[in-house]
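Here is how the chains run, residue by residue.
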Amino acid sequence: MADIYEDLSKSLITGNLTGIKRLTQQALDQGLKAKDVLDKGLLPGMDVVGQRFKTGEMFMPEVIYSAKTMHAAMEVLKPLLMGDDVEGTGVLVIGTVEGDLHDIGKNLVAMMMEGAGFTVIDLGTNVKSQTFVDAVKQHKPNLVGLSALLTTTMPKMKETIDSLKEAGLRDRVKVIIGGAPVTAEFMSRIGADGYGINAGAAVENAKTLLGK
Amino acid sequence: MIESNMMTLETPFYRRLSESQLQQLHFATLEVMERTGIRFHDEEAVALLKKGGAEVTDGNVVHVPSWRVEWALSISPKQIILYDMDGNPAIRLSGRKSYFGNGSDLPYILDHRTDERRLAVLQDIKDLIRLLDAIPQYDFVMSGFIPSDISPEKAEHHQTMAMLENTHKPMVYVTTNLPNTKDEVEMFEIAAGGADALRRHPYAACYINITHPLRHNPDSIQKLLFLSEKRLPFIYRPSIVTRGLTTPITVAGFLVTNNVAALSGLVLSQLKQEGAPYIRCSCPGGTFDMKTMVGLHSGPEVRGFNEELAHFYGTPCFGLGGSTASKVVDQQAAMDATLNLITSALAGGGLIHDIGYMASSTLGSLIQSAICGEMIAWIKEYWKGLKIDDETLALDVIHEVGTQGDFVETAHSFRHCRDDYYPELSDQKLFEEWINAGGTTMKDRAKAKVEKILAEHQPPKMEASVRKALQKMIEKK
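Protein chains in written order, with this note's numbering: chain A, 1 to 212; chain B, 1 to 477.
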């Protein structure tokens, strides 16, 4: 029984996109609970990926492939997971702020957060503050991620946070920000809760902020 | 003495790609331009390209036909002259020439006084430009730093003012959006004495960055259209550091994707204005470190190939060299900058910019800039061809000195002993002499040079009327 959990983890680490669905189904056929397959087989594998990425042992395209593999496994598990099991580690609403079309970093974070067990709602790029507010009302996330690459669009991050305050939603979420020009100092200045210096750090900080 | 078929090599001969390889890349590019197309997020651009023969799908995906590309290549300028602010031709951008300049918009500076890293301020820009004005190895300047002490809306105006006040060398400027571009052009026109004067003797080229090679953002397109119509020189850069992100990770695929963006920008500019002074961005580097997720320009990969493409088309070229990923002025900084500066010059990088850039485009240092000036001096010396004539063969001198004598005493050595390269910053003394002279490092000597220049160098003075007009204009914004 333990073996199949290990196989699942290994499949994630090596990015076995072709074999993962069959393996996941195999685990379920053996009578294992979907939640256990997720917690004992898949999430530990992604933890290893995160660690190896941090030390430079794994490269980004490899991490992305692992995240895709995780996503494929989740497609098999999702219909079987109950209520808050589906939410997993948490719910993230993420987007690039208004005026900015850059999305690679945001896409990476979204992928890695999904890999870490988050449910991710990606609003895309050039997202107005009001759209963020509406998404928070609709999806009730515990985390909001804001991305910007241009120094000129950074003020939009503050605007989004202020809009959440005005709508009485600021206390319900943790806000993390990211993007090349973003710094810890900027984070404090605009009242965000955390910031990721890169996609890997974003995931770690997010988990810490939520007490995971 | 006469001899037929005498040919000489004046300068180092360098090729990284053959004609057939370049043809392969060219045809692959044309295929992508027709088959995949490029998304232009701008209505005027799409309309112009459609009128120019392109098919449009999905609203704004433009499929550019090959014949239109060939047309654009045939009419776009193969030489663009940048003047200095006194109206003299200073940079003739054509062929495999290399000119040297710094970069723009670095957020941090390694302060030469304290050796500490801090946010840059406006005074740092003024100091850097004045330093580059004093060092003859630099042919053009860029703004250098982001002034953290100026509000973002006015930053570019103050950067430009700092450049105009501290040098008359040609400049390359960067803007965030179209309104700022118009402001900058207005400033340059004021300093030149009018729009016609600037157009006739342009001393500034705008460096436009687009967010992605296959989807061009509105601001960048609008700047291209504005400057094309004005017939003012500009550079259109398909993507900064993106191999593996916004282009295929393999080098050939990267080159093709870059080329698609460069040629589609060229076609658009020529459709807007025939003969618009388009400078092709052919930067080397563009690697994305898949471990640290940092954009790199300093490494050995992709050097020379992009430049070869520019020369294949004959388009004036904007290159990159003399940069480092190092965070301090150390051996890595020197090694990186030297290796990529030489390879850029060999490749004929045109306007080779970002010289002195550190920490992967986030940090600048006046000391590193001074040391890079020394590298350029070495390179220019290396570029000198071999002169073979009676005087240099010196056969009579050899015979006279014969097997017993010394050459150092000859009139010949007297005549030529100053022909050699004697470096300014590199130390060539014997050990004891070096100790007695202070046992200095390269960094010490470069620092001393920076301090001397900042204390003494007077850049060309700006006319009072021009200063007044510029300040009035900045205040109004």
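If you are wondering where the hints come from, they were derived from the structure by calculation, not from laboratory data. Treat the hints loosely; a few may be bogus.
Simulated pairs of lysine-lysine, PhoX-like, Cα-Cα distance not exceeding 25 Å [claimed, not checked]:
#1 A:Lys54 / B:Lys477
#2 A:Lys54 / A:Lys137
#3 B:Lys477 / A:Lys158
#4 A:Lys158 / B:Lys154
#5 A:Lys54 / A:Lys10
#6 B:Lys477 / B:Lys182
Hints, verified against the model:
1. A:Lys54 / B:Lys477: Violated. A:Lys54 to B:Lys477 sits at ~46 Å, over the 25 Å cutoff.
2. A:Lys54 / A:Lys137: The given pair, whose Cα atoms are some 34 Å apart, is violated under the 25 Å limit.
3. B:Lys477 / A:Lys158: holds (24 Å)
4. A:Lys158 / B:Lys154: Cα-Cα ~20 Å, so holds.
5. A:Lys54 / A:Lys10: Holds. A:Lys54 to A:Lys10 sits at ~18 Å (cutoff 25 Å).
6. B:Lys477 / B:Lys182: holds (12 Å)
In the structure shown, a violation is registered for the earlier hints numbered 1 and 2, in ascending order.
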